[in-house]
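Novice: Next come the chains, spelled out residue by residue.
2 protein chains.
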Amino acid sequence: MEPHINPHISRRYNTELEEIRTRVLHMGGLVEQQIIDAMAALVKGDSVLGDEVIKNDYKVNNMDVTIDEECNQIIARRQPTASDLRLVMAVVKTITDLERIGDEAEKIGRMAVRLAAEERPKDGYVEVQSLGNHVRQMVHDALDAFARLDMSAAVRVAREDRQVDKEYDGLMRQMITFMMEDPRTISRVLNVIWAMRALERIGDHARNICEYVIYLVKGKDVRHTSLEQIETEILGATDSRPL
Amino acid sequence: MEPHINPHISRRYNTELEEIRTRVLHMGGLVEQQIIDAMAALVKGDSVLGDEVIKNDYKVNNMDVTIDEECNQIIARRQPTASDLRLVMAVVKTITDLERIGDEAEKIGRMAVRLAAEERPKDGYVEVQSLGNHVRQMVHDALDAFARLDMSAAVRVAREDRQVDKEYDGLMRQMITFMMEDPRTISRVLNVIWAMRALERIGDHARNICEYVIYLVKGKDVRHTSLEQIETEILGATDSRPL
Chain A
1 MEPHINPHIS
11 RRYNTELEEI
21 RTRVLHMGGL
31 VEQQIIDAMA
41 ALVKGDSVLG
51 DEVIKNDYKV
61 NNMDVTIDEE
71 CNQIIARRQP
81 TASDLRLVMA
91 VVKTITDLER
101 IGDEAEKIGR
111 MAVRLAAEER
121 PKDGYVEVQS
131 LGNHVRQMVH
141 DALDAFARLD
151 MSAAVRVARE
161 DRQVDKEYDG
171 LMRQMITFMM
181 EDPRTISRVL
191 NVIWAMRALE
201 RIGDHARNIC
211 EYVIYLVKGK
221 DVRHTSLEQI
231 ETEILGATDS
241 RPL
Chain B
244 MEPHINPHIS
254 RRYNTELEEI
264 RTRVLHMGGL
274 VEQQIIDAMA
284 ALVKGDSVLG
294 DEVIKNDYKV
304 NNMDVTIDEE
314 CNQIIARRQP
324 TASDLRLVMA
334 VVKTITDLER
344 IGDEAEKIGR
354 MAVRLAAEER
364 PKDGYVEVQS
374 LGNHVRQMVH
384 DALDAFARLD
394 MSAAVRVARE
404 DRQVDKEYDG
414 LMRQMITFMM
424 EDPRTISRVL
434 NVIWAMRALE
444 RIGDHARNIC
454 EYVIYLVKGK
464 DVRHTSLEQI
474 ETEILGATDS
484 RPL
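Residue numbers (our numbering), protein chains in the order written: chain A, 1 to 243; chain B, 244 to 486.
Extracted from the complex, chain A is given alone in its bound form (with noise of 0.2 Å):
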């Protein structure tokens, strides 16, 4: 080979992971409105929004394989090493996290298109799509971070997990109360559990995105750390108040 060739090889290997991680977060967009929909039609009792859901997340699936195979395709003629490989591993997961909220999403489409034969109870929903819109936020903040490489915003993001947990089980909580009071609506309330559920898992998966964003910036040593000896170190002791 002629050595003129090699920063053409090396410009195009660039422009090649720059591509991979803007599919990632063209798939995260896309994984993002599955919520925001999935979310809606439950909310709305919308069962054609809900059957809307279910059925794009066949291009979710479409995304991760495709993204999946490139980056295979990456490592088999690029050999990366270092940074660039830790890059490459880390879109690996991330695809496999957005494939899963994309399921969870799919299944509160499900659950939207059941509740939309039901009566609607007084309050809307109002609870659920708070949770909705937290984890939502997550996710987009998630994606954020991995495409700005920033690990404080991942820390920030794993972080507000833990609140969606409590949130979830003061949902859990009281949903348990309303079966208590009103056995009648046990079926019903069910749904919004199976719903709650799928929106907490989206919030782990969000979470499970940070770990591999700092993991990808500070090298393998902060795995399996605690949130709070990172919130220390990167965050500062001004940010660090215990949750």
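Every beta carbon over 10 Å from chain B, so not counted as near; a handful from chain A, in silico:
no., residue
1, Ser10
2, Leu17
3, Ile20
4, Arg23
5, Gly29
6, Thr232
In silico contact screen, one side only, chain A against chain B (beta carbon under 8 Å); selected entries:
no., residue
7, Thr81
8, Leu85
9, Met179
10, Pro183
11, Ile186
Below 30 Å or equal to it, Euclidean Cα-Cα: the simulated DSSO-like pairs (lysine-lysine) are:
no., chain 1, residue 1, chain 2, residue 2
12, B, Lys336, B, Lys298
13, B, Lys409, A, Lys166
14, B, Lys302, A, Lys166
15, B, Lys461, A, Lys55
16, B, Lys298, A, Lys166
17, B, Lys336, A, Lys59
Just so you know, the hints here were simulated from the structure itself, not pulled from any lab data. Positions of the beta carbon are idealized from the N, C-alpha and C atoms, including for glycine.
Guided by the hints, dock chain B onto chain A, whose structure is given.
Specialist: Okay, now just chain B, sitting in the frame of chain A:
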């Protein structure tokens, strides 16, 4: 380099790939033991054993970090392609799921410690134990399918996950009935519900591992194919009765 070095390198490369599979099975064995101990702690109300499970989770985490790092090194040094690369990528994904199964076992350990302080129900958590056995068997069988690269076994285990979900749903309804009949049990039953939820998630992770096995053996094309399609293709008509 002398040409006679090549077979040596290649032999070492094969050994490395073999070793990494063995390590995954070793990690799987540890995770399985964590599930067994966590369930025993829960059922017997043994808070010492529960604490043991919580304490031992760091071993699972360490194995995750070590194997992940070894996979990165194999990719960087050996530049695997085709089925070798698929194996390494399947390992990376499998250990992520094993690590999360470990987290769920730890959660069950925490619930066991809390429940040890409460009154024991008459049935001694017999149904939760049955769900626990089922899920532990799934993890065992998923790792077995991985060890033997047995796609038929992988499909059978993936199908078990539906059964686990049904068991979970039935158990959930039963717990709600308990709470309705005697509201004083709510805080205790909620802890049982969190343990059940952890078990159901372990089932999901076992199913994920099976999907990696199928991907590994068949290549990319079967991902996101329905279980029915894969069953019909692999297991033949006699074994594809609907669940």
